[in-house]
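Colleague: Sequence:
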Amino acid sequence: MNALKKALGLFWIILGPVSIIFMFMQAIEKVGLAAEGVAKTNTALQWGIILFIFIPISAGLVIFGYYAMKGEYDKLPED
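Residue numbering for the sequence shown follows this note's numbering, beginning at 772 and increasing consecutively.
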């Protein structure tokens with residue numbers, strides 16, 4: 772089970788930056804496809820808010836993965 776936790780830790784470490792890159796690519800694409808004027812401004816604002824919320828979540832995935840790889844979750848409390 773501990774080997775699985777460490778392997779998933781590596782997965783979370785990789786998933787964090789990959790998800791941020793994917794979200795930025797989507798934001799650039801969607802803002803570029805929006806019509807000029809107010810529609811483009813609204814789309815840019817929406818994606819800015821999405822990215823503002825999602826970046827700390829992705830950073831948390833990296834931190835969680837780091838602790839899993841380090842072995843911090845090897846001994847969990849038992850009831």
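A hint or two may mislead.
[What the hints assert, rightly or not] Taking lysine-lysine and the DSBU-like style, the derived pairs with C-alpha atoms no more than 35 angstroms apart in a straight line are:
id, residue 1, residue 2
1, Lys846, Lys777
2, Lys776, Lys841
3, Lys801, Lys811
4, Lys801, Lys846
5, Lys777, Lys841
[To be verified] Pairwise CB distance ranges (calculated):
id, residue 1, residue 2, range
6, Asn813, Tyr844, 11 to 21 angstroms
7, Ser790, Tyr844, 15 to 25 angstroms
8, Gly803, Tyr838, 33 to 43 angstroms
9, Pro848, Phe823, 30 to 40 angstroms
10, Gln817, Pro848, 18 to 28 angstroms
11, Glu843, Pro788, 13 to 23 angstroms
Keep in mind that the hints were calculated from the coordinates and are not lab data.
Positions of the beta carbon are idealized from the N, C-alpha and C atoms, including for glycine.
Colleague: If a hint holds in the structure, say so; if it doesn't, say that too.
Modeller: Hint check:
In summary, the hint linking Lys846 to Lys777 is supported, as the alpha carbons are separated by about 13 angstroms, within the 35 angstroms threshold. With a CA separation close to 10 angstroms, the supplied pair Lys776 and Lys841 stays within the 35 angstroms bound. Annotation: proposed proximity of Lys801 to Lys811 holds, straight-line Cα distance about 9 angstroms (limit 35 angstroms). Using a Cα cut-off of 35 angstroms, the hinted pair Lys801 and Lys846 is violated, with the two alpha carbons roughly 45 angstroms apart.
Between Lys777 and Lys841 the alpha-carbon distance is near 8 angstroms, which keeps this suggested pair within the 35 angstroms criterion. Take Asn813 and Tyr844: their Cβ atoms lie about 42 angstroms apart, and the range 11 to 21 angstroms is violated. Roughly 21 angstroms separates the CB atoms of Ser790 and Tyr844, a value that falls within the hinted 15 to 25 angstroms. At roughly 38 angstroms, the beta-carbon separation of Gly803 and Tyr838 lies within the given 33 to 43 angstroms, and the hint holds.
Separated by about 35 angstroms at the C-beta atoms, Pro848 and Phe823 satisfy the suggested range of 30 to 40 angstroms. With their beta carbons about 42 angstroms apart, Gln817 and Pro848 fall outside the hinted range of 18 to 28 angstroms. The given range of 13 to 23 angstroms is respected by Glu843 and Pro788, whose C-beta atoms sit roughly 21 angstroms from each other.
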